[in-house]
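S.K.: Okay, here's what each chain looks like letter by letter:
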Amino acid sequence: MVERIVSGAHYGLRDWLMQRITGVAMALYSLFMVAFLLTHQPLQFEEWSGLFHNQWMRLASLLFLLSLYLHAWVGVRDILMDYVHHTVLRLTLEALVILALVGCTAWSVQILWSIR
Amino acid sequence: MRFSIYRYNPETDSKPHMQDYELDIEAGNMMLLDAILLLKAQDETLSVRRSCREGVCGSDAMNINGRNGLACVTPLSGLKQPIELRPLPGQPVVRDLVVDLSQFYKQYRSIKPYLINNEPEPEIERLQSPEDREKLDGLYECILCACCSTACPSFWWNPDKFVGPAGLLQAYRFIADTRDQATNERLDNLEDPYRLFRCHSIMTCVDVCPKGLNPTGAIGKIKEMLVKRTV
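Chains as they are written, first to last, in this note's numbering: chain V, 1 to 116; chain P, 117 to 347.
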């Protein structure tokens with residue numbers, strides 16, 4: 001029996017594009033963080049916690065973390081597609097990664113909004 | 117000069133081994149293929165493919181000191197001894213340095229490597245402006261030697277699903293051709309997480325291409341066109 005290869009899933013562009021865009025978003029946030037840390041030396045606890053009392057900083061941090069999780073999702077899925085060729089095993093691993101990242105998202109919200 | 121060459125005959129050997137050879141020659145202006153042919157005269161059981169011996173046919177692609185290249189255009193003088201010759205990586209070995217490239221050709225076929233134009237054929241050639249013709253530079257020169265695709269880890273892991281750098285360069289060659297009318301269908305055919313997006317832009321294809329072409333660049337152009345038609 002000849003095994004036919006079925007391909008042509010007609011997706012992939014969105015994930016690829018998302019990885020680029022989230023990469024840029026993370027770079028911008030990281031640059032801001034480096035700039036903040038360099039301009040606030042020696043860093044006092046009040047300044048550091050004060051920064052995160054701002055609602056915009058919480059949102060920016062959440063966007064950074066969401067970017068990180070989406071970026072990681074595309075990257076980890078790429079690795080699994082490259083190396084794990086057993087469909088059921090790959091699907092299981094991908095589902096576990098999604099669950100872990102969704103968990104991380106909820107946890108991130110809880111941490112960011114519990115800062116006093 | 118000392119050589120260490122991969123030997124394997126699937127019909128008689130249980131596993132491949134490296135065999136040492138020696139040639140009493142000066143490198144001079146000789147190419148690696150000249151030395152291989154001298155070795156073949158010495159030991160006729162050594163199997164190798166070659167034809168044009170000047171980098172046009174692409175049949176003597178092999179792994180030379182860990183790097184894919186064409187033996188006929190690789191100067192002997194630049195190689196560290198013992199010169200280690202292996203077949204192109206990741207492909208089934210037919211014998212010694214000869215590999216079975218069926219998978220590679222299958223991927224090439226899958227991108228429909230011919231002009232698709234449904235208009236009635238003109239009396240003369242389909243003329244292009246010099247500017248349109250220039251768009252094919254760096255694409256049409258590919259000789260399908262398979263150096264790039266067999267150096268690509270993504271092609272090693274998924275040769276049945278990933279088109280590979282050579283196939284994608286050729287795909288873009290027809291996408292870029294202003295006489296071709298199937299651009300959308302071609303992009304549809306490539307918009308797939310395996311067929312196109314297994315490329316992670318690590319650029320080994322660019323590094324090894326004996327014709328100095330840039331498959332990663334062509335793949336980037338394909339992605340760019342996909343983005344343009346989406347957003």
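Don't read these hints as lab results, they were simulated from the structure.
Backbone N, C-alpha and C fix where the C-beta goes; we use that ideal spot for every residue, glycine too.
Any given hint could be a false lead.
[Unchecked claim] Anything over 12 Å on all C-beta distances counts as not near chain V; from chain P, calculated:
no. : residue
1   : S130
2   : C168
3   : W272
4   : D276
5   : R295
6   : D308
7   : L312
[Said to hold, decoys possible] Using 20 Å as the maximum straight-line C-alpha spacing, the simulated SDA-like pairs for lysine to any residue come out as follows:
no. : chain 1 : residue 1 : chain 2 : residue 2
8   : P       : K344      : V       : Y29
9   : P       : K277      : P       : E257
10  : P       : K277      : V       : F36
11  : P       : K222      : P       : P275
12  : P       : K222      : P       : G206
13  : P       : K337      : V       : L17
14  : P       : K337      : V       : W16
15  : P       : K228      : V       : L17
16  : P       : K344      : V       : Q19
17  : P       : K337      : P       : E257
[Stated by the list, open to error] Which residues of chain V face chain P? A few of them, derived with a C-beta cut under 10 Å, are:
no. : residue
18  : S7
19  : G8
20  : N54
21  : M81
S.K.: Now tell me, hint by hint, if it's right for this structure.
M.R.: Results of checking the hints against the structure:
no., hint, in the structure
1, S130, "26 Å, holds"
2, C168, "33 Å, holds"
3, W272, "9 Å, violated"
4, D276, "5 Å, violated"
5, R295, "25 Å, holds"
6, D308, "5 Å, violated"
7, L312, "7 Å, violated"
8, P/K344 x V/Y29, "27 Å, violated"
9, P/K277 x P/E257, "25 Å, violated"
10, P/K277 x V/F36, "47 Å, violated"
11, P/K222 x P/P275, "10 Å, holds"
12, P/K222 x P/G206, "15 Å, holds"
13, P/K337 x V/L17, "14 Å, holds"
14, P/K337 x V/W16, "14 Å, holds"
15, P/K228 x V/L17, "26 Å, violated"
16, P/K344 x V/Q19, "17 Å, holds"
17, P/K337 x P/E257, "17 Å, holds"
18, S7, "6 Å, holds"
19, G8, "5 Å, holds"
20, N54, "32 Å, violated"
21, M81, "7 Å, holds"
Hints 3, 4, 6, 7, 8, 9, 10, 15, 20, counting from the list given before, are not met by this structure.
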